[in-house]
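Taken in order, these protein sequences are the chains called R and B.
Quick note on the working numbering: the first sequence kicks off at 1 and runs consecutively.
Quick note on the working numbering: the second sequence kicks off at 1 and runs consecutively.
Derived by calculation from the structure, the hints in this document are not laboratory data.
Be aware that one or more of the hints could be misleading.
Some chain B residues close to chain R (C-beta under 10 Å, calculated; not the full set) [as the list claims (entries may be wrong)]: (1) GLY9; (2) HIS16; (3) LEU27; (4) VAL56; (5) ILE60; (6) PHE71; (7) LEU86; (8) LEU93.
Taking lysine-lysine and the BS3-like style, the derived pairs with C-alpha atoms no more than 25 Å apart in a straight line are [to be verified]: (9) LYS12/B <-> LYS120/R; (10) LYS45/B <-> LYS71/R; (11) LYS71/R <-> LYS120/R; (12) LYS45/B <-> LYS66/R; (13) LYS120/R <-> LYS66/R.
Which chain R residues stay away from chain B? Per the calculated CB distances, all over 10 Å, these [what the hints assert, rightly or not]: (14) HIS16; (15) HIS17; (16) ASP19; (17) VAL118; (18) VAL234; (19) GLY240; (20) LEU241; (21) ILE244; (22) ARG256; (23) LYS265.
Even glycine gets a Cβ: it sits at the ideal position worked out from N, Cα and C.
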Amino acid sequence: MSDDHGHGHGDPNLAHHWDTMDQQVHAGKFGMWLFLSTEVLLFAGLFCAYCVYRGLHPEVFAEASKVLNWKLGALNTVILLASSFTMAMGVRAAQLGNKSQTSLMLVLTLCGAGGFMVVKAIEYNEKFEHGTVWIGHKNSITGDYNYSPQDKFKDVEYAYPAEAAEAAPDESEHGDPKLAALLDTTVTPIEPKLGGGIVQPGVAPSGLASDDGKRVTTAPKLQNMHIFFGIYFVMTGTHGLHVIIGAIAIIWVLIRNIRGDFTPKYNLPVDLVGLYWHLVDLIWIFLFPLLYLINLDPWN
Amino acid sequence: MGDHALPPGDWKEGDHVPHVVSWQFLLGILVTLLCLTALTVIAAKVHLGSTLNVGVALAIATVKATLVAAFFMHLYWDKPINTVILLFSLALLSLFLGFSLLDGMQYQDSVIKDYAYRQMTEKNYKGGWDPAAALEAHHHDAGHGDDAGHGEDATHGEDDKVEDDGH
């Protein structure tokens with residue numbers, strides 16, 4: 001068809017508005033990178049929300065992040081990195097015209113996508129059961145206005161600020177001095193900080209101990225965890241949506257590969273889907289430490 | 001680096017000759033990425049102070065992202081314009097984050113203190129927060145002037161209302 005226009009080499013894969021396959025490939029990749037840059041900017045909004053809220057409430061993030069299982073996050077990181085490798089291998093095989101190896105690598109990449117989503121589903125389910133889904137101050141799972149993850153912190157009793165203030169007017173001297181130094185207002189640790197931050201454990205009336213030996217802390221300790229989990233669910237949810245879209249795109253090139261569409265001279269779709277898949281991996285590389293690895297160090 | 005898809009004679013002018021990366025090289029990148037993942041977990045468990053901990057985690061993530069972009073995504077061998085596009089979007093990202101962070105901390109003084117406190121007290125969790133009722137109670141107090149002790153304190157709005165109903 002391109003011969004009708006007096007140029008090209010008769011390759012049916014060459015769109016008629018390009019002079020050569022080389023031009024088509026470079027234009028295609030250029031367009032894909034423009035699209036990927038908009039994807040970066042899409043996630044920029046979410047990262048911005050993360051940064052602003054973490055800047056305002058670092059203690060909420062440190063505390064709420066402990067509910068996440070970093071091992072599952074690390075497992076998902078390994079799965080995505082491995083699937084990124086198999087995708088790169090798939091692109092390589094397509095460049096070499098090795099059809100069966102391309103199919104194998106694409107299927108392995110799909111397994112990575114599936115594995116990632118399974119781990120994600122396990123994590124989400126865990127979060128739902130712990131009641132970490134909040135709409136404003138209301139827990140959308142339990143319907144409570146109370147404070148969250150019951151299971152994880154079930155041995156912790158909560159005293160409301162007003163009661164705790166009466167019970168322990170000034171316990172700041174008995175608090176951990178290192179932790180106390182982290183706070184500006186150690187004199188009145190119970191008073192809610194502006195914006196509803198939480199008080200570090202150990203600083204707030206640590207002298208409070210109930211008769212049965214359970215640790216008693218103040219309500220603000222676990223307050224406002226919905227700030228973290230709102231951001232967690234939106235960021236990982238948007239990322240998970242990209243994983244699903246990427247998997248659909250991989251299925252598409254897999255079908256085309258089995259159909260025999262690709263040759264050493266024409267494998268651009270595999271390349272472009274690969275770029276998309278690598279971007280999904282790239283974003284997770286940042287999400288993993290920012291969500292799962294906050295203050296794992298024992299001092300915090 | 002690596003193999004050729006077709007013998008040199010099979011490529012015609014205008015064909016796109018792909019840059020084929022050897023599988024050993026790709027595997028090496030994967031192993032490096034996995035090592036860096038382990039490193040970032042280990043680093044997170046070492047106490048460096050919260051700022052430095054975040055800095056180290058982001059630095060490692062940036063190295064990993066660079067490896068993925070340069071080699072898995074072929075940017076290293078591509079036309080430079082693709083790298084320019086990516087860097088451009090990252091520049092916009094940093095502008096966006098930078099200005100948001102500069103601005104984000106500026107309004108703490110104007111946060112309504114009473115509102116934040118109300119949110120944290122038990123009775124308001126149970127009874128719900130009704131701004132209209134609170135405002136009405138507040139105006140009620142101010143109008144009569146017989147409740148001067150509570151007049152400025154909106155957190156007692158609902159209590160006052162109950163009392164006033166009794167009058």
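A quick look at each hint next to the structure:
1. GLY9: Nearest chain R Cβ about 13 Å off; hint violated.
2. HIS16: 4 Å, holds
3. LEU27: 7 Å, holds
4. VAL56: Result: holds, 9 Å to nearest chain R Cβ.
5. ILE60: Given a least distance of 7 Å, the restraint on ILE60/B holds.
6. PHE71: 8 Å, holds
7. LEU86: 6 Å, holds
8. LEU93: 4 Å, holds
9. LYS12/B <-> LYS120/R: Violated, at roughly 47 Å.
10. LYS45/B <-> LYS71/R: 13 Å, holds
11. LYS71/R <-> LYS120/R: This hinted pair holds, its Cα atoms lying about 12 Å apart.
12. LYS45/B <-> LYS66/R: 13 Å, holds
13. LYS120/R <-> LYS66/R: 17 Å, holds
14. HIS16: It holds; HIS16/R is separated from chain B by about 14 Å at its closest Cβ, greater than 10 Å.
15. HIS17: Check passes; 14 Å lies beyond 10 Å.
16. ASP19: 7 Å, violated
17. VAL118: 19 Å, holds
18. VAL234: 16 Å, holds
19. GLY240: Correct as stated: the minimum Cβ-Cβ distance to chain B is 19 Å, above 10 Å.
20. LEU241: 20 Å, holds
21. ILE244: 20 Å, holds
22. ARG256: Given that every Cβ of chain B is farther than 10 Å from that of ARG256/R, nearest at about 17 Å, it holds.
23. LYS265: 6 Å, violated
Of the numbered hints listed earlier, those contradicted by the structure are 1, 9, 16 and 23.
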